[in-house]
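Protein chains: 2
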Amino acid sequence: AAGAAEDLYISQAVVFIEDAIQYRSINHRVDSKSLWLYRWYYSRICQWILSLTITIILALAFIETPSSLTATSDVRYRLPAWDPPCGLTEGIELLCFLVFMIDVSVKSYLIGWEEFWKNKWLMAYILTLIISLTDWVVSLSFFCTEAVRIRRILRPFFLLQNSSMMKKTLKSINSTLPEMASVVLLLAVHLSLFTMFAMLLFARTKDGLQDKEWVGYFRNLPDSLTSLLVLLTTANNPDVMIPAYSKNRAYSIFFILFTVLGNLFLMNLLTAIIYNQFRGYLLKSVQSSLFRRRLGIRAAFEVLSSLKETPANAEQSYVSAGALFQVLQKVEMDFRCKQAIMMSLKICSCDQLSAAQFQRLFEELDKDAIKQHPPCPEYRSHFMRKVQFVFGHPYFGYLGNVVALANIVSICVVLVLDADKQPSERDDFFLGAINCFFIIYYLMEMLLKILAMGLKRYLSYPSNRFDGLLTTILLVLEIATFAEYGFPHPGWRPEFVGLLSLWDMVRLANMLIVFRFLRIIPNMKFMSLVVTTLLDLIKNLRAFAGILVVVFYAFAITGIMLFKGAVVPMGNVRKKCDFMSVFSHFQAEFICCLLYHRIAESFISFHLIYRWAKVYFVAWWLISSVIWVNLFIALLLENFIHKWDRRCHRESLSDIEYQRTVELMFRDVLEEPTEEELMEKLHQHPHLHLCR
Amino acid sequence: AAGAAEDLYISQAVVFIEDAIQYRSINHRVDSKSLWLYRWYYSRICQWILSLTITIILALAFIETPSSLTATSDVRYRLPAWDPPCGLTEGIELLCFLVFMIDVSVKSYLIGWEEFWKNKWLMAYILTLIISLTDWVVSLSFFCTEAVRIRRILRPFFLLQNSSMMKKTLKSINSTLPEMASVVLLLAVHLSLFTMFAMLLFARTKDGLQDKEWVGYFRNLPDSLTSLLVLLTTANNPDVMIPAYSKNRAYSIFFILFTVLGNLFLMNLLTAIIYNQFRGYLLKSVQSSLFRRRLGIRAAFEVLSSLKETPANAEQSYVSAGALFQVLQKVEMDFRCKQAIMMSLKICSCDQLSAAQFQRLFEELDKDAIKQHPPCPEYRSHFMRKVQFVFGHPYFGYLGNVVALANIVSICVVLVLDADKQPSERDDFFLGAINCFFIIYYLMEMLLKILAMGLKRYLSYPSNRFDGLLTTILLVLEIATFAEYGFPHPGWRPEFVGLLSLWDMVRLANMLIVFRFLRIIPNMKFMSLVVTTLLDLIKNLRAFAGILVVVFYAFAITGIMLFKGAVVPMGNVRKKCDFMSVFSHFQAEFICCLLYHRIAESFISFHLIYRWAKVYFVAWWLISSVIWVNLFIALLLENFIHKWDRRCHRESLSDIEYQRTVELMFRDVLEEPTEEELMEKLHQHPHLHLCR
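The listed protein sequences derive, respectively, from chains Y and P. Using full-length UniProt numbering, read the first sequence as starting at 1 and increasing by one per residue. Using full-length UniProt numbering, read the second sequence as starting at 1 and increasing by one per residue.
Keep in mind the hints are simulated off the structure, nothing from the lab. Among the hints, erroneous ones may be present.
Heads up, the list lumps identical chains together, so a pair's fine if it works in one copy or across two of them.
[Unchecked claim] Okay, derived cross-link-like pairs now, EDC-like style, lysine to aspartate or glutamate, Cα gap no bigger than 20 Å in a straight line: (1) 212 / 418; (2) 346 / 146; (3) 456 / 31; (4) 118 / 7; (5) 386 / 351; (6) 421 / 211; (7) 338 / 18; (8) 212 / 146; (9) 421 / 672; (10) 284 / 645; (11) 120 / 31; (12) 614 / 332; (13) 421 / 223; (14) 614 / 680; (15) 33 / 478; (16) 643 / 179; (17) 386 / 645.
Given the structure is predicted, the values throughout are model-derived calculations rather than measurements.
For reference, chain Y alone in the conformation it holds in the complex (with noise of 0.2 Å):
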């Protein structure tokens, strides 16, 4: 039995080290049977199958009935859309149910019936499940027929329950809310008072002729409404003051007026507070993390001191490195990290370890991979030693640079040149030619440089691997041209043979030495400063995104059941319902939505077949265009400041790689969690029972 005991604490502590690694809560249950399921749900494979599904039931959107995989989004030229037998889809999505299911009882079990009651979230899978299920039921029973579909609305919340990142923003942006929508009040009074004073200023006069201003934006309260929002979204600027403005250049002081306060101080009254709101949440997210970090290993600690080998003196507990030995072999984790932990633990070649020399080693976990390139190779001979400064030094890859520079600029003129040359006109010899130098020149760099530096120094620096794969791909690609078509000579310019024609294949070798030319990004440094900024943003930002990606599916989802069937191509208003066509489909939907918040914005001002639906776009271009974008900017300023400050600071050490991420960018800042803090979290374990 004493041995189960041990067994048990082993893994005990096994877990709760994972635990802190991962920055997961040590809040679940720590019996062995618990605990074997818990590593098993948190497995890689296990983990990899959840995503998958969440993946799969999402994409679903893209082959169900309303939406169309065609290439073109014209309606004239579309083939329709492969339409998937009733069933198909009903069959997958009940597998990712069943997925699910096994998902939340799993999680429901391993926090334990009290914990259960507490979390919002779990009972809110519950219920999506559900109503899901239920949707799914009615559906099949309608043979697919029914109009109606709920549950895919719900779907993305399956994505954004599964990631803690994006529980978390989503509680931060809940917190904002109230001051977001005292702002939106603000700009609603101001809206509706302006609205009131433009149709007293822009009333019907007895001259027909003189009211173009009426006829055109302020004809009725809802005209007048749509006019001064589309104004707020700066989407129909000066058309709307123009007749106003040709009567009478004093009524421009109105819209200025109106813009000046609406767009000017409201609009960014609202950045304004959306910044002030999240510019601790980086810090108080990492901070959490720190927190989750210390107290897994604490835990691991409490429990491993559990174990029989306690010495005489109680008063402090201590753990026998033996039996960290034993942990650290089951737990699993990055090598290098491990590697690091036992050769401390070797050194200190102390028998017994305190809390503080516990934590400690496992500071390890904290450390930023300082990545060291591998050698240069040595050469014997004297002329390859030469040969091997010549190539390996900086000015070598600057002149690089200027051979990219100088391809551009030749196809530029090329480009410049051949504009307004018809097709059949066209001579590629002349691009075919500098192509062809140009890739032998890059070749050459490639292969000196890996002689130089030796092929795994040369593959360890980011730029050689872009470097390296881009020139592989224009070799290929010029072998395959020379192979087709010969090599150039003037007037090469043969029919088209095999997949692409000459002229697109050269076309995409240009198109891959543009994207080549972007190698000069780390050789400049305020650049590279932005480029590595706007990276971390994008690591920042993926809660963000995911949240976005949440709302987008939901409105797209909505607009398509909203516009099914809404627009049919006629002559006149032909251009405008180009988008409005793609509209009831998905794709379009999701692209449109993806970026085009303008789009939203021109929506809004003309007449839809459908009046209510200006609520829908003015609800989109709140979101996405207000709200995220403002999100946006706060977090891009929360991390550019601190990035700057820490740039300033930092200047000498910049020589050094670092594997940068959140918790480094912070380290300065962050604060230890005490002992204190530690020990009552811990005595608050809902499962672990700990003796003292």
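We have chain Y; now place chain P onto it with these hints.
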């Protein structure tokens, strides 16, 4: 001679204290004649004349030849503008130049030769004057028919050099320029790479029907560049994508990438950089103002301490209270402050003041004026006291708000009902009757409040002043209406009589009522926070607004010179020319510039007669839309965040109405300059030679 020296010291002290009050530099000549000149130069009348001169010379552009002070901007209806005879505006200009010459010579004399050579602003001032005068002579010798008037572009400089705040701000902006330039360079690289990509991607194809994208947007290099630049301003956002998108959905990836990188990342990066640079800007400027104030006071102390009455122990210098009293009586300052200082001087009742005591006396200057409302009248009769209680109660104010809201709603209902009616069908009875009723209520409310609070207390609240003023105007308007058109009755729609038609009068009354509704703002907590922030912002923004006016002016004048006679109103390009036709006139330019930065964006998109005008518009877009708007956001963020933090601290004190200034906002974080810093600065004074 001793008396003369004493007088000199006294007047030096007076001037230094005045410098401290106005936050002026004390580095000027200090002999008695110069002091007299200095006080004269900074007297209210002189400064007022200078400001007037600047206003006049700037305003000249509104009546000079290529201008139009007509009401309509439509070239078809416009009467020819008044053309001032040659010599009139030039005469006014000469007078202005004379004033400026006096200004520059007095300024140069006062700071002394040595300082003059270091002062680049003064040199530039003189240079500007010389160029302007030369240009003026040329102008007159051509009898005002010369083609270019350089001096008109130089005019805003006079505004710029007269404000120390603006000069400081300009310096700040200047120091941000290198980083801004980096981002702009990044934008340029982004733009040019994507342009090349686009030209390769949307090349002309053999199938003429398929290359709509090429025809419309990417025909040649300048076209492609323009298309993408306009896309960066989001002016042609969905349109530019549609032809390619309807050919193949995948093309949207190109546009999405371009917009995400350009608009979302790079543009907002500019915001981040500017905000980062301006984060400490306000604090720094307030800190330097504080230093100037303390320095002025200290200088006065040092000067006074060299008076004969110095006591025996020479270790610490003292100032006699009598001398200070003498000085105080000569100083021009706020009456309240002077009284307070005199009072504390009397209370202190010490004969000799140390430096610290001296500084403490003048701390009154930094204090907020706490506004105390006069007391309510005390009535003897019990009934009157009850009346006073009822109508002085806040609930009566709330009732007033509810009634105002009801009025707004009723106007709104009438507007909606009357929206589609012909003017001839309209019956003004209903609106007239409603207005009549509500205006009587407003009058009653005002009178009852005055009765309850007494006239003085009533007028001491700004919201009551606003209310009362509007009620009085409404009353006058209503009485005028009744006098002209009789009392309202069904079918109340008499013919046009007098200055305004009945309909116009009713509309005017309604507009005033809508405006009066703004009185609810102080009653809503968040709204009042926002409004006070905005008001603060406006105060702090004066320097920025000044620079903006300078830039606008220069751009407007340049625009007139470039586009003089460039646009002739033609049939089909009529609408777009609406603006262009007015563009060669000053007011239009100015109003356009004033706000409608998007105009510039749309201008870039269509073909102008002068191709290089694009450069003008791109520059305009960069300065107005990109840089200025970002500066504005940065300031707003700074202001709002300070205010917000402060609100949390001072929640309890919100009842007292502070006269909020920038200085007070930063009170808690400002650092007092040390004794050593002050003395070091004093010893560096070019003209004042302290004994010790």
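Hint check results:
With identical chains, the CA atoms of residue 212 and residue 418 are at most 20 Å apart between copies only, with a shortest distance of 18 Å across copies and 47 Å within one. Proximity of residue 346 to residue 146 under the C-alpha cut-off of 20 Å is found in neither arrangement, the shortest distances being 68 Å within a copy and 91 Å between copies. Taking CA atoms no more than 20 Å apart as the test, residue 456 paired with residue 31 passes in neither setting, with 47 Å inside one copy and 79 Å between copies. In the homo-oligomer, the alpha carbons of residue 118 and residue 7 never lie at most 20 Å apart, since the shortest distance is 31 Å inside one protomer and 82 Å across protomers.
For the homomeric pair residue 386 and residue 351, neither the shortest alpha-carbon distance inside one copy (54 Å) nor that between copies (87 Å) is at most 20 Å. For the homomeric pair residue 421 and residue 211, the shortest alpha-carbon distance between copies (14 Å) is at most 20 Å, but the shortest distance inside one copy (49 Å) is not. Taking identical chains as interchangeable, the C-alpha atoms of residue 338 and residue 18 lie at most 20 Å apart only when both belong to the same chain, with a minimum of 12 Å there against 72 Å between chains. With identical chains, the CA atoms of residue 212 and residue 146 are never at most 20 Å apart, being 47 Å at best within one copy and 40 Å at best between copies.
Taking the closest pair of Cα atoms, residue 421 and residue 672 never come within 20 Å of each other, the shortest separation being 68 Å inside a single copy and 72 Å across copies. Proximity of residue 284 and residue 645 under a CA criterion of 20 Å is satisfied in both settings, with 18 Å inside one chain copy and 18 Å between copies. Taking the shortest alpha-carbon separations for residue 120 and residue 31, neither the intra-copy value of 25 Å nor the inter-copy value of 80 Å comes in at or below 20 Å. With identical chains, the CA atoms of residue 614 and residue 332 are never at most 20 Å apart, being 53 Å at best within one copy and 62 Å at best between copies.
Within a single copy, residue 421 and residue 223 get their C-alpha atoms only as close as 48 Å, which misses the 20 Å cut-off; across copies the closest is 16 Å, which meets it. Neither within a single protomer nor between protomers do residue 614 and residue 680 lie at most 20 Å apart by alpha-carbon distance, with minima of 53 Å and 67 Å respectively. Neither within a single protomer nor between protomers do residue 33 and residue 478 lie at most 20 Å apart by alpha-carbon distance, with minima of 60 Å and 86 Å respectively. In the homo-oligomer, the alpha carbons of residue 643 and residue 179 lie at most 20 Å apart only across protomers (15 Å), although the nearest pairing inside one protomer, at 28 Å, exceeds that limit.
For the identical chains of this complex, residue 386 and residue 645 are neighbours neither inside a copy (42 Å) nor across copies (64 Å), given an alpha-carbon limit of 20 Å.
Hint compliance for this structure: hints 2, 3, 4, 5, 8, 9, 11, 12, 14, 15 and 17 are broken, all remaining hints hold.
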